[in-house]
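**Student:** One letter stands for each residue in the lines below.
Number of protein chains: 4
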Amino acid sequence: MIISMKLHSTKEEIAQVKARIEEFGYKVHSIEGEERVVIGAVGVGDVTNCLESLEAMPQVEKAVRISAPYKFVSKEFRQAKTEIKVRGTVIGGDEFVVMAGPCSVENEKQILESAEIVARAGAKILRGGAFKPRTSPYDFQGLELEGLKLLDKARRATGLGIITEVMSDRDVPMVAEYADILQIGARNMQNFSLLKTLGQCGRPILLKRGMSSTVKELLMSAEYIVAHGNPQVMLCERGIRTFETVTRNTCDIAAVAALNELTHLPVILDPSHATGKRSLVPALSRAAVAIGADGLIVEVHPNPEKAMSDGAQSLDPKQFAQMMEDLKPYIELWKRRPELAAQHVAV
Amino acid sequence: MIISMKLHSTKEEIAQVKARIEEFGYKVHSIEGEERVVIGAVGVGDVTNCLESLEAMPQVEKAVRISAPYKFVSKEFRQAKTEIKVRGTVIGGDEFVVMAGPCSVENEKQILESAEIVARAGAKILRGGAFKPRTSPYDFQGLELEGLKLLDKARRATGLGIITEVMSDRDVPMVAEYADILQIGARNMQNFSLLKTLGQCGRPILLKRGMSSTVKELLMSAEYIVAHGNPQVMLCERGIRTFETVTRNTCDIAAVAALNELTHLPVILDPSHATGKRSLVPALSRAAVAIGADGLIVEVHPNPEKAMSDGAQSLDPKQFAQMMEDLKPYIELWKRRPELAAQHVAV
Amino acid sequence: MIISMKLHSTKEEIAQVKARIEEFGYKVHSIEGEERVVIGAVGVGDVTNCLESLEAMPQVEKAVRISAPYKFVSKEFRQAKTEIKVRGTVIGGDEFVVMAGPCSVENEKQILESAEIVARAGAKILRGGAFKPRTSPYDFQGLELEGLKLLDKARRATGLGIITEVMSDRDVPMVAEYADILQIGARNMQNFSLLKTLGQCGRPILLKRGMSSTVKELLMSAEYIVAHGNPQVMLCERGIRTFETVTRNTCDIAAVAALNELTHLPVILDPSHATGKRSLVPALSRAAVAIGADGLIVEVHPNPEKAMSDGAQSLDPKQFAQMMEDLKPYIELWKRRPELAAQHVAV
Amino acid sequence: MIISMKLHSTKEEIAQVKARIEEFGYKVHSIEGEERVVIGAVGVGDVTNCLESLEAMPQVEKAVRISAPYKFVSKEFRQAKTEIKVRGTVIGGDEFVVMAGPCSVENEKQILESAEIVARAGAKILRGGAFKPRTSPYDFQGLELEGLKLLDKARRATGLGIITEVMSDRDVPMVAEYADILQIGARNMQNFSLLKTLGQCGRPILLKRGMSSTVKELLMSAEYIVAHGNPQVMLCERGIRTFETVTRNTCDIAAVAALNELTHLPVILDPSHATGKRSLVPALSRAAVAIGADGLIVEVHPNPEKAMSDGAQSLDPKQFAQMMEDLKPYIELWKRRPELAAQHVAV
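Chains as they are written, first to last, in the numbering used here: chain L, 98 to 444; chain E, 98 to 444; chain D, 98 to 444; chain X, 98 to 444.
The following block holds chain L by itself, in its conformation from the complex:
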């Protein structure tokens, strides 16, 4: 931590601030300029509280944290990408993994058809919501347990892994029984009760970035899960909320590259929620491969116009198959992306 004192602070004021820092277990060093004193604090302690406490002192101009506020998820803790194995597929490894399927599980026919469509085109994981977070209490809220059972049927029919959302700590055991990957939606990224429960659920997690969460907050939420016992976490960029309305959200694609520098966790991009527009999904998916994401999660529906949710951003079967075909040469280049070499050396 670096603490900058206000101009013309007195010796007593400086001494009070130093004493407060030392109470938190840090060592202090000070730099005395002609106008201003700056104090450095070194050591291990409760950084957040210490910073808040110092900022509450009237003599302090600014208190800044230098070290990252997370440990287990950082590149400094582990250089090699975390590999997550799901039914024979490895996320974070040598394969670019596509997860695809409808927004909601609607009925048996729809989900079985969806599973076949996405499997045939090359996806390895089937997505589909049984519990749906809906802004309005009057909208379709999902089939819940019945939906989970239908996903299980689709898995048995196709061999695909299953990813589905869980919205409450109460439901974690039930969802973990059926799903291969538990998805945490953007609105729950800082549902800390849920995050803690995931630490013990025994399943890999896909953690979506909150719509107004920073990259650092996303990493802190992942740290919650890892610190509570579950290292199998992947992150998902799905667009953030800005003033722009031409797309549903604003895809912060550079966050994928930034995350690849900061963390060893795999990073997945969701081009469907990021844009909200089917026609933009293929181009953005190419960009996701090119920038070095580890995979995609894409909405596909057998008949988007009849979808019970997110129809406008769902690809139809033909569009999805075409996109998967078009992505192939990009995936070939992805296998030898320059950052990879740097990572291997670093390991």
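Since the hints were made in silico from the structure, they are not lab data. Beta carbons: idealized from backbone N, C-alpha and C, even for Gly. Among the clues, some could well be false.
Here are some, though not all, of the chain D residues that point toward chain L, as calculated from beta-carbon distances under 8 Å [what the hints assert, rightly or not]:
#	residue
1	Ser101
2	His126
3	Ile128
4	Val135
5	Lys159
6	Val161
7	Ile163
8	Phe340
Given chain L, work out where chains E, D and X should sit, using these hints.
**Tutor:** Chains E, D and X only, in chain L's frame:
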């Protein structure tokens, strides 16, 4: 709903769109311009799905909802302000209500002292967190049940009502046993499992606006609670997330005035989280009274420099007492604010 | 400046960074922690370049400026509020000053009527655009010179001061000939050519905050004008751009309080652009008085429904007169706002 | 336009609104629902004023524009991509064009070296600022005319085209004399005086998106230039301002794909300003090629640590050469991107 077709749509395309709208139970009317056809849909149905479904059709340029997506919380449903009674105090009535206290319950001495300080200065409700949502898993997470018991002690000592946060649907019964008002934090505004559970908790709710939620989304979240059985909801503006960093959040004070036009639910302003800076709290509190909020929720700590959280934005006892004194003439003016007359006539 | 080195930097790397800092004329002091070295730089130099240069060095983790990047506009440079005299009215003094009038000067009848309406209700300055910044090239762009002449006529008829916008450095001499105050619109807040020209124009300036500009950037733009020779600058909060759409912009009212701490320049609030809705203007205007703004700039039109621009946010004559009446008791309280006492002591 | 009346409007109110619309030259058609009347307006008129005027009427709930607010720049006006020829290079054609060079022209040696470096690596256009928009009046403001002359020298030495920024309508003739492309910076995207002047400057324009401007506003600003006589405009996505701080701005890469659907103007991406971090530039540049941008504008400096501005985001010569090499296979794929086929058919 208004559906605008793409330029030069064919008759067949228009007929398909009309048929789709009718499947959702609406009546259609169309306007034929020289270049473009616009279709109006009137009636009652599943609006969200219908809009999404139409936007998924390639012939549709734009589909816009006209009516508000909420019912029970709207001014059209009820003109008179909802009054919420808490231990002899009425929120939403003729009194401007101040809730105050520390960010976290830290120990018995701290919370009893805080309660006395805020009661003496004129607050009617004591705030204090027993469950704390913290960005980092390594920060103080609250005293939980022990904290609730200490709040109860403070209530018995002072007669103040108690407001405290609940973070998980699992904890609702326990928190409802101790608290007079359940607070839902900004990060949980769209935790729909939690919102549904609150519908049956038997306690008034203070629902904080999410840090990147719109006013309409706030109203939709309130609608969840009301539609699930609990009409005792008050809303809280606590600042939204923007690019500005001179304050912790950006206080969207005009949202208070906008809410007073849109809803009958009481509106509370939190100047502490909105600014993150103690020195700005008194001026913003005056503005909150002037614009017509129904109350404030303010962080006060016996010794902010020693607070375990939010010290920088907590008032000390003297500052809080001074602020309460300074607010008095503004509260006198508040009692005859012009919008009030309009409301009474409307009732 | 504080420069934090990357973990495990070598002695050579540290020496290189120190040398680079010294090239910019600063003295360096370093703090050596167990894991990390932090360097403080003290003195006077080209801070921005130095920071950018250091951040370009691979060994540097972070480089942070401590001192404010502006001088003349800061409270440290001058404690007493800058007073700006315009035809017998003093902005920044003991009077709360209201500027009002239509968005655009449309014709002689409209501007003369507007002037009489706002003068009668107690405004001291007439606003009205002769040069209009319009998003579309096909919208009404203003009457230009003819509009300035009509404003002059309205001034002579009523004795009001005149404020009007200037959009190009080329037009500054012409607008300065007619206007008492030159207004710089939000879109031109960082039009640095224009700002430099204003330094020599001999008229007071009202500088509107850019729609996505921070408070610090607003102060830097004011610094441009002052540093180029014109200390008569007032600042204007007119709402910033966020994701919220219930209002046209989001009024960052706490910025008014923050500015009052940071600068001695008067601060004006524009409730019309901040909300975009006539019905919200009176409540927000009360809040502006309560928080301690020095004045308002409000859109008023003899017949808003026939206005050539901004009709939805313009008050009609009766509404404006009512609002001015309702503001009176708030202005009485404003004259003895607590911050004022603090300011006088500080002087 | 679609105008939705308030619930329970009377016949007189509806008639007033219709009459107002007709005054603007539109034909009206109304849809009468059980609760609400909706009016469609068809024809050609001053849409912005008409919408504003209607929203000023108390009976109107909402007034929405359906048709796009721009003409010449839209895909409906022209399907084939606009091709811009600059010294033998065609932007918007079959070649992916890279513009590169330092942030500022600093001196003869630096700009000549830069030109050679970027030419050798395959760039076709040299960037370099002679007029610099700087937030602080105390920062380096550029060499102005002397800088333009040095750029001319670099052009003669290498054959590269020259792109440089112009900040004021006053300077347009001088800059147009030296530059092959005039760059309009983000802060001037809505400097309408400047945009009008560019209509007659006789040079191609690179128009940067404002840091909080929407895609539609960017197109409207381009429409200004085209409508004033200059069809040679290319657009530039350079990141928008959001709450995220891990990058300097947030690159809205999906805007590139959206622009390719909406306009025929070429689209360039600036990965340097979008990220502010040298290490993220190569990955983002690959994504820009993959999503279908027409080119890049990249900051490169012979010695970034000694740069007078933007050092942290400038590539050094070796990094730039490596990136250009790595982009080659992506550019091969770019030549047969699927959207291109769609475009050719459409033509």
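**Student:** It remains to establish, for every hint, whether it holds in the given structure.
**Tutor:** Hint check:
Using the Cβ-Cβ criterion of 8 Å, the hint placing D/Ser101 at the interface with chain L is satisfied: the shortest such distance is roughly 5 Å. With a cut of 8 Å, the hint placing D/His126 at the interface with chain L holds, because the nearest CB-to-CB distance is about 4 Å. Using the Cβ-Cβ criterion of 8 Å, the hint placing D/Ile128 at the interface with chain L is satisfied: the shortest such distance is roughly 4 Å. This hint holds: D/Val135 has a C-beta 5 Å from the nearest C-beta of chain L, less than the 8 Å allowed.
The beta carbon of D/Lys159 comes within 7 Å of a beta carbon in chain L, closer than 8 Å, and the hint placing it at the interface holds. This hint holds: D/Val161 has a C-beta 6 Å from the nearest C-beta of chain L, less than the 8 Å allowed. For D/Ile163, the shortest C-beta to C-beta distance to chain L is roughly 5 Å, which falls under 8 Å, so the interface hint holds. Interface hint status for D/Phe340: upheld, as the beta-carbon distance to the closest one in chain L is roughly 5 Å, under 8 Å.
Against the hints set out earlier in the document, no violation occurs for any number.
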